[in-house]
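Student: Given the coordinates of chain E, assemble chains C, H and S onto it according to the supplied hints.
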Amino acid sequence: MHSPETQTVVQESLLRWIVLLPLLGAAINGLLNRRLPRAAAGAVACGAVGLSFVLSVVAFLRLAALPAGERLLADIVAPWLGYGPLRVDIGFALDPLSAVMALVVTGVGLLIHIYSLGYMSHDKGFQRFFTYLNLFIFSMMTLVLGENLLMLFVGWEGVGLCSYLLISFWFNEEANAAAGKKAFIVNRVGDFGFLIGTFLLGVTLLPHLEPGEGLFSFRVMQHHAHVLAPVATVIGLLLFVGATGKSAQIPLYIWLPDAMAGPTPVSALIHAATMVTAGVYMIARMNFVYVLAPTAMEVVTIVGAATAVLAATIATTQNDIKRVLAYSTVSQLGYMVMACGLGAFAAGIFHVMTHAFFKALLFLGSGSVIHAMSGEQDMRVMGGLAKKLPITFWTFLAGTFAIAGVFPLAGFFSKDEILWKAFSSDGGGVALWLVAFLVAGLTAFYMMRLVVLTFHGTNRASQEVRHHIHESPLSMTLPLVVLAVLSVAGGWIGWPAFLGGSNHFEHWLAPVFADGGHGAAAAAHHGGEALAHGAAAAHGAADHAGDHGHVALERGLAAASLAWGLLGLSLGYLVYSRRTKVADTMRGLAGGWPYRILLNKYYVDEAYDGAIIRPGFRFSRTVLWKGVDAGVIDGLLVNGSALVVAVIGSLLRLLQNGLVRFYAWSFTVGVAVFVVYLSLKG
Amino acid sequence: MNGFVAPSVGGQLDVLLPYLVVAVGGLAIMLVDALVRTRRRDHLPFLTLLVLLGSVLAQLARSGGEEREILAGMMTVGDYARYFNLLFAGCGVLTTVFAGAVLERDGRGRPEFYPLLLFSILGMMVLAAASDLLTVFLGIETMSLAVYVLAGGVRGDVRSSEAGFKYLLLGGFASAFLLMGMALLYGFAGGTAFSDIAGALAAREGDLGLAMLGGGLVLVGFAFKVAIVPFHMWTPDVYDGAPAYVTGFMATAVKAAGFAILVRFAWLMQPQLAFVWYPVLAGLAVVTMTVGNLVALAQSSVKRLLAWSSIAHAGYLMLGVVTLISPATGGSAQMVLGREVGESAGSALLFYLLAYSLMNLAAFGIVASLGSREGEADDIERYAGLSRRRPVAAAVLAVAMLSLAGIPPLVGFMSKFYLFSAVVRAGLVPLAVIGVINSLISVYYYLRLLVVMYMKKPEADGYAGHEPLAVGAAAVLAGLVLLLGVVPDGVHRAALVVFRQMSF
Amino acid sequence: MTVTLNHCLGLAAVIFVTGMAGFIVRRNAIVMLMCIELMLSAVNIVFAAFARQHADAGGHVFVLMNFAVAAAEAAIGLAILVEIYRRRRTVDVDELKTLME
Amino acid sequence: MPFITDHILSWVTFLPLAGAVLLWTVVRREGPARWLALGVALADFVLSLHLWFHFDAASGVDQFVEHAAWLADGRIAYRMGMDGISLMLVMLTTFLGPLVILSTWRAITERVAEFMGFLLLLQAAMLGTFFARDMLLFYVFWEAMLIPMYFIIGVWGGQRRLYAAVKFFIFTMVGSVFMLVGILWLYFQAGSMDLAAFLSLHLPRAAQLWLFAAFFLAFAIKVPLWPLHTWLPDAHVEAPTAGSVILAGVLLKMGTYGMLRFAMPLFPEAVTAFAPAVSVLAVIGIIYGALVALVQPDVKKLVAYSSVSHLGFAVLGLFSLTPLGVAGSLYQMLAHGLSTGALFLLVGVIYERRHTREIAEFGGLAHGMPRYATLFLVTTLASIGLPGLAGFVAEFMILFGTFNSGTLAHGRLLAVLAATGVVLGAIYMLWMYQRVFLGRRDNPKNEGLADLNGRELVVILPLVLFMFWLGVRPGLVLDRVEASIARVLAPLGVEGAAPAGHGHGALEAPAADLPAGQGQFVFRNAEMR
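Protein chains in written order, with my numbering: chain E, 1 to 682; chain C, 1 to 504; chain H, 1 to 101; chain S, 1 to 529.
In short, the hints are calculated from the structure, not lab data.
Among these hints, one or two may not hold up.
[Said to hold, decoys possible] DSBU-like mimics (lysine-lysine), calculated; alpha carbons at most 35 Å apart, straight line:
#: 1; chain 1: C; residue 1: Lys456; chain 2: S; residue 2: Lys445
#: 2; chain 1: E; residue 1: Lys388; chain 2: E; residue 2: Lys681
#: 3; chain 1: C; residue 1: Lys457; chain 2: H; residue 2: Lys97
#: 4; chain 1: E; residue 1: Lys124; chain 2: C; residue 2: Lys457
#: 5; chain 1: E; residue 1: Lys387; chain 2: E; residue 2: Lys681
#: 6; chain 1: S; residue 1: Lys445; chain 2: E; residue 2: Lys681
#: 7; chain 1: C; residue 1: Lys456; chain 2: E; residue 2: Lys681
#: 8; chain 1: E; residue 1: Lys626; chain 2: E; residue 2: Lys387
#: 9; chain 1: E; residue 1: Lys626; chain 2: S; residue 2: Lys445
#: 10; chain 1: C; residue 1: Lys457; chain 2: S; residue 2: Lys445
#: 11; chain 1: H; residue 1: Lys97; chain 2: C; residue 2: Lys456
#: 12; chain 1: E; residue 1: Lys388; chain 2: E; residue 2: Lys626
Isolated chain E, as found in the complex:
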């Protein structure tokens, strides 16, 4: 049964196939598994994703064909949870926002599938790998296209599961298994907040639903957004807890670095390009709640910024090539989250997209390197690979410049957008801008460090390793090239106004968030004073494009950040390529405690372990299990009472001493008591 509100929007049965095709692929690979020859398995997997990419494009075009105001395609498949007033459908919806995500996910996903054909070609779990990979695409698309918050949650948990499966893909290593488990559990902690947020949302909305409206449908929620005003802050924060899990923000980011235990394509796809951006997507998706909750927005901003700094600093010291990229990812995610916190949802999503391109590129590149180094991941034994792996090197370099925000590469536009918002939004200010600015520099620095250590100088690996070094096969290099191109040009669709462009990207997304502003206005209407501020912020966020007031300033800042980026790059190059004063002073630090703290990631894991995990286990074992269960309940109450009864029994038993005269005596006593009682009564 289709809930009424879907009648108003265009029904597009195409959507379900975008989601289901990968599931089909997963099913085929999963059921047939080894029985399926590798080639076939690969074909099935890539075919499935390829098709759903094509379909996404088609759907995107159809969406684009609609007038900007009504860009929404919906596909309600079936009712899911229907009980009394609670009604949740299995359904998908495509709007400008999800369209962007869909294209990114299926597109990058396809490339990484292809890449994996080569990367995993020798792995005995080939079919299993592609099963999981397809399953992931399915979950991710459910998350992106989900028509309501619960569908999103289904995908949310699904991608979590897939990341668990893929991180611990090589489960022979206890460490990998542990990493996977850690990822899942930490995410669960986030989901806890997400769930509570969902409940609060539902409870608040329920009494205001019109008949047949799906409770958690985004449309419905947006339509009734104003009633959420009183609790928007709480909801926003709770949902954000979920985001901190998925998008690896403080305090739950700890799982992402360990997640590098998975195969590199997985790191690229899940832990860089797509899944980890789910949190950002969710915040953007729920923008209509956040614009009502200035406090929540501030928290989001601060957490984002803090994460960006923290991760960036750590990244400068790591030696494992993938870990550097991991922390870089965390820090970039911080960027995106911060953007959302500032109400600059469009900018956040824009960075999601560009980041997907260049971070995927970087990971795949590192994968290519690791492939060449026969599995070695420590940069200290690398070096001088530039000549041996030319394609990898050049594409990697492109990625590096992109992430460093070099004009006119993709990273520049998205990052600059965020920097500007940090500076100009009511939520932001100079301080915030400086933080973001610092991070930008750090990013450039550690990325160049990585490049130098890996590709520059002479190789420090052992003889036979060095002997095997070779460029990767086409299936791996092709995706690199494509992604390199995207990393270079991908940002141009967001060419900002102050550089004479007309930020298509932001305009494309405008309807989604504009409506948020709208809702905010409505809320300001209902909710009164306190929210006017948030609403205003949203407006500032929503249609900032039209505002040409600070063009000069914008240009200045952009130039500054560009320069700063270049400075960082060159600093990195200087320090790690040849001896100079600067380099020496930098190295001087290396021995000192700041370095050690960074190297050990601020000892956060240790802190969690010592403060929560160990005590928790000890409490459960000694107090609850041995103490309460075995001790009090069973020992004291159950067996205790049984013992008492038994003791009384065996005491009474002693009266039975076999002496007739004693028996007679007790008889007589009984009679006496009876007689006395009667005489008292009578």
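Tutor: Relative to the frame of chain E, chains C, H and S by itself:
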């Protein structure tokens, strides 16, 4: 009252017939045994069964109809008496079967056993019909004297004779109190007939103190027979010492007889004395069931365990008696609610006695059958793995135990259900709660036997006695236990009718 | 002085209690049996007394029955006691302790 | 076949009993006994399908009703009936029946006939309990369940089986006996043992409190609700696999079923009075069970404690006193029955191969037995409530209902606390999975263990299938129970899904504009009975 009218037996023969059959049959068997000079004696049980069957037929020949006073009001024969007579006969039959099987096995000739069994049953029958203190006395003594010998008469068995003698001594001691009570009641009423007593109570003439004290002592006498704490001390020892087949008889028939008269007597005294007795009887009931169950927990001998369990059950039954005379019956049985409560309690008691006899006889039958020349199957540990050696016996015993524990759908549960619902209906919820807590405790020791039989590995010296006849009979009982557990209504209705006729 | 009902009852009480006490105190089985007889005779006195008071024969009948039963009981008791004596060479009831918890 | 369909409930109930009798008397040899038992169980399942397809969901009243006077001039009668709630649990029972029997094919080698007999007897008793609409009849079935389970644990159990069996028996009895007194008391108030008559009583508050306590104790022990749960781990660990499956799959649901069917509608005032306390216990149970499960060295014990946690959810849902929460609770009964049942079956599989359940003994099993590992993982995920699987729907509805409970004080706080159970669930389950299946296969004893064979797949797969099915199409169940739950809750005057805080003022509003099918969520006391 003129007690000098020569009781005309004419026209009462039909009613007296069952009694005569048993009495004459008993004597006849004695003679037969004296005259027939064969070594083998397996014709005796057969004859006994015939006699019992005869009495039963004589019962059924003249069932229904009003209660009738016979022998100048010494006895009142009606459905109440018949109900119990059938019960006694049934117990007698099974005891005969068990005894026959066991005596055959042990090669012990006990020619005196069967006539004595019949005489004790005769005593019981008289007791159940007694409507005069004198007949009560004669009935009790006839029964007891016979049972003393049944219990103690196993020649060359120290335990048996010790049991018999202890029983006799304490029995005599108790009857002294009983008689003293009767004497005082006589002094109060000026006659020994129940009618005299009832009349005197109704007219409130004479010294009620005498009535209370006398009635109390009489109750004590009965309490001794049915093993109410603290008049129970003899029970475990005697049950333990006497051979299992006799113990079974004592635990069922004797107890039933005791309650038969106890109920009748309590109902007789109820109108005026209920309020005085009710609290102390309630106390006795609670103490009895509690002590019985608690001590049973600590038993390692099956017979003693069953002895204590029988004490506990006496407690439950006493609860019924308490309800019967409780204020809820309105002090006067004429009030409608009181009447209903009284009826439900009385019928519950009758049903309970039947149910209890069924399951207990089944249990003792198995115990008896498992023994051997060397001795009886008494050590609980040696029941280990019985379910593998003697599956049928084990199953029957298990059913009996579960039924005694009051697990549905067995008659034990139904009898408890009827009893406790009467108690609750009388508004004595606390007593009911104490009752169920007790039956909860009892579950533990009844289960112990199951655990041993079914869940422990067989021991080398485990009991393996095998008496197809006895086991078969017990199996039939187990079948009845199950049947009456599912469809108890018929019997319960009968009990209701019977009690009505006795009481109103 | 004339013997009143209460005299008789008093006497009976004394005898009854004596018998009772004797039963509880003494250990000789035969003596215990005699104590029971003593208690029974006390009962008989009461019956007789009341029979006279109520001018009713029922009491006397009871007394007669009582004699008979008491005799029977004593007989059986002695019989079993003899059996025990054969085995144990004692009539001390405190020796009868094979049956106990 | 009218002679079957007219007394379908009796047939479904007593067919297994007949099978049991056959097994104890005639069919004694192993092979035939196994097949006979399987056949009977399958036949029973087929019969129960008739119920599924001919059940009229709209009305929600008792259906297929049977009535025959039994005792006391029919005041106590053989009254059988089935509404949506019973339907679900009955289907669960008959569905598990054949699978359980199949699972014992190789596991039980001695006294097979007896064992199968007890399994069938147990099934009969359980079904009767779900059908009974006469309090004495219910009590008889309720108690009758004890005996077969007692033997199953005690005879075919593990090392400490005697202790476990007796503990199980006594624990359950403790509850039941007080309920019996309660039933008797009500019997004389209502003048009949008919459940309907009980429901039409208007009891004074004081009486309600006592009676509720008496009933609730019985059911809480069965659930088991913290702190009455300690019999469960022992029973589970000692019981043979089949026993554990039935125990977790159906027997525990008796408790929650009893609460829903009897304790709640009979004593509405007491329920509202006790609900806060009970729900707190439930939440304690959820967290406590999870934490203790966390540190269990024995897989089976871990699963047992996880049951304590899961059923805490069920109780919480019931006492949220919202239709949604109650429905969720019922759903949890099914979901838990499937997932935990499957878990015990899977544990049994490895126990048959290795004769140990010590987690430390295992590791890296996924290498040798991929099918086993996969199915185990799916089941694990189902039990930790992954969306798309049955558990999620239940937990979501329960937590949402609790969060939304207008009557329950601190409903939101409790929901939040309970939700932590979801996190903890993931921790102990995945940690166990990691230690058992992942990592290196160090222990040589684990080399060359056979993967699931055909029979075992046939046992597990249906369960897994239903985990998915119930996860994706909850309507299957919810549509059938909606009306019945509404009826059962009517005496409580529970408002529909009116939000917390909105008190009674808001009641009329949803009533007005809710379409049919939702209107019934607004109860006025007029509509009771």
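Student: For this structure, which hints from the list above don't hold up?
Tutor: As far as the earlier hints go, 2, 4, 5, 6, 7, 8 and 12 are violated by this structure, in ascending order.
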